[in-house]
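For chain A, the structure is supplied; the task is to place chain B on it using the hints.
Residue strings, one per chain:
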Amino acid sequence: MHLAALSLYAALTEIKAIARIRSRLHIVFYWTKSAEEKNKENLSEFIDKEEMARYVRRGWLFFGYIIINKGGNKMEGKVASETREVASMPRLGESAPSFEAVTTQGTVRLEDFKGSWLILFSHPADFTPVCTTEFIGFAEIHPELTKRGAELLGLSVDSVSSHIAWVRNVEEKMGVKIPFPVIADLDRKVATSYGMIHPGESKTETARCVFIIDPEGILRAMIYYPLTTGRNMQEILRLIDALQTTDKHKVATPANWKPGDAVIVPPPNTQEMAEQRLKEGYECKDWYFCKKKL
Amino acid sequence: MPCINPDGTLTPSAKAMLSAVLSPATPEEVAKSTGLPLFRIRSSIREMREAGLVEEKEGKYLATRIGKEKSEG
Numbered sequence: 001m002h003l004a005a006l007s008l009y010a011a012l013t014e015i016k017a018i019a020r021i022r023s024r025l026h027i028v029f030y031w032t033k034s035a036e037e038k039n040k041e042n043l044s045e046f047i048d049k050e051e052m053a054r055y056v057r058r059g060w061l062f063f064g065y066i067i068i069n070k071g072g073n074k075m076e077g078k079v080a081s082e083t084r085e086v087a088s089m090p091r092l093g094e095s096a097p098s099f100e101a102v103t104t105q106g107t108v109r110l111e112d113f114k115g116s117w118l119i120l121f122s123h124p125a126d127f128t129p130v131c132t133t134e135f136i137g138f139a140e141i142h143p144e145l146t147k148r149g150a151e152l153l154g155l156s157v158d159s160v161s162s163h164i165a166w167v168r169n170v171e172e173k174m175g176v177k178i179p180f181p182v183i184a185d186l187d188r189k190v191a192t193s194y195g196m197i198h199p200g201e202s203k204t205e206t207a208r209c210v211f212i213i214d215p216e217g218i219l220r221a222m223i224y225y226p227l228t229t230g231r232n233m234q235e236i237l238r239l240i241d242a243l244q245t246t247d248k249h250k251v252a253t254p255a256n257w258k259p260g261d262a263v264i265v266p267p268p269n270t271q272e273m274a275e276q277r278l279k280e281g282y283e284c285k286d287w288y289f290c291k292k293k294l
Numbered sequence: 295m296p297c298i299n300p301d302g303t304l305t306p307s308a309k310a311m312l313s314a315v316l317s318p319a320t321p322e323e324v325a326k327s328t329g330l331p332l333f334r335i336r337s338s339i340r341e342m343r344e345a346g347l348v349e350e351k352e353g354k355y356l357a358t359r360i361g362k363e364k365s366e367g
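Residue numbers (the numbering used here), protein chains in the order written: chain A, 1 to 294; chain B, 295 to 367.
Heads up, some of the hints might be wrong.
[To be verified] Here are some chain A residues pointing at chain B (derived, C-beta under 7 Å):
id : residue
1  : Glu100
2  : Gly106
3  : Val108
4  : Asp112
5  : Phe113
[Stated by the list, open to error] Listing some non-contacts, in silico: residues in chain B with all C-beta distances to chain A over 10 Å:
id : residue
6  : Ala319
7  : Ser327
8  : Leu356
9  : Arg359
Quick caveat, the hints were computed from the structure, so don't treat them as lab data.
Just so you know, these numbers come straight off a predicted model, no measurement behind them.
Idealized CB from N, CA, C, for every residue including glycine.
Here chain A stands alone, though its shape is the one from the complex (with noise of 0.2 Å):
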């Protein structure tokens, strides 16, 4: 792979390239303007710190760095100068990246969860007050979701015996059934995918993240909450309610919009539909902004 992209670049001088390798993987070639630069051995001098942090900071990952003369056809290059890990982040809208993980209810893939929906949520560590507040209050909207035919699925980067461990805690202290499976995740695999570590947070933890994936497995909504804030359980709720609700009806849901509230009716799209819009019957502000009760 490499060697097919340093020929295709091979030919060009002077010039900065940048190669898509794989959606994740990127390589950035740099090449020398000069001859005198050619003969310097730290090749990360040729490279423009405020230019590559602008790239890591757009999450590509730096592979190496090629030098290649002023003439063009003598390769100079020496590859991987300098590697980072930028985290993935997913994005909604697109499949939610599948996974296979250890979870106290056994092994689980998120292709076992299609034609639900699915909240995948990661919290930082068993056997913190916070978390433990969180797990009852999930535990409490668990019915609830059901009912809407979702499904919860925790995640941490603790091992499955701690999970274990925090879960009968949490029953035999506060009288609370854990229902849902909680995913032991010490290799951060599935964390990573979701781009659930934030450094800035924690290096060695999860932040309080939500993701909710539809029957399809598509992902349709993502929360992150702070270490120190714990999560608010009903809008979670509101949220699956607005999802399906647009699904079902094909409209949209205004700010602080709960079941039974009036929903927007989609803008029209074409001059015509606009003025028809207004006939229509709807509860209308103006041609843009139309209401109506389901």
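The following block gives chain B in isolation, referenced to the frame of chain A:
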């Protein structure tokens, strides 16, 4: 393996699932008859297949001879 105890006996949920596939059934049918979530049925059936307790035919699952013996044991 969550379906099989360290001593080789089956867990209660595994026995319930095996009982539900004494005649061919889909995962959805097993979920309905056992009251267990569909994801757990899919996950457990996968493990029971690997253990030779269940076999699949045209999208339906059926307990093998070993599976039947284990479910009765």
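Now for the hints, and whether the structure bears them out:
Taking 7 Å as the C-beta cut-off, the interface hint given for Glu100 (chain A) is violated, the closest approach to chain B being about 10 Å. The interface hint given for Gly106 (chain A) is met, as the beta carbon of that residue sits about 4 Å from the closest beta carbon of chain B, less than 7 Å. Hint status for Val108 (chain A): holds, given a least beta-carbon distance of 5 Å to chain B, under 7 Å. Taken as an interface hint, Asp112 (chain A) checks out: its beta carbon lies about 4 Å from the nearest beta carbon of chain B, inside 7 Å.
Hint status for Phe113 (chain A) relative to chain B: holds, with the closest Cβ pair at about 5 Å, below 7 Å. The claim that Ala319 (chain B) lies off the interface holds: its Cβ sits roughly 16 Å from the closest Cβ of chain A, which is beyond the 10 Å cut-off. The beta carbon of Ser327 (chain B) is kept farther than 10 Å from every beta carbon of chain A, the shortest such distance being approximately 17 Å. With a least CB separation of 20 Å from chain A, Leu356 (chain B) remains clear of the 10 Å interface cut-off, as annotated.
Every CB of chain A lies more than 10 Å from the CB of Arg359 (chain B), the least distance being 24 Å, so the non-interface label holds.
Going down the numbered hints, you'll see the structure goes against just number 1.
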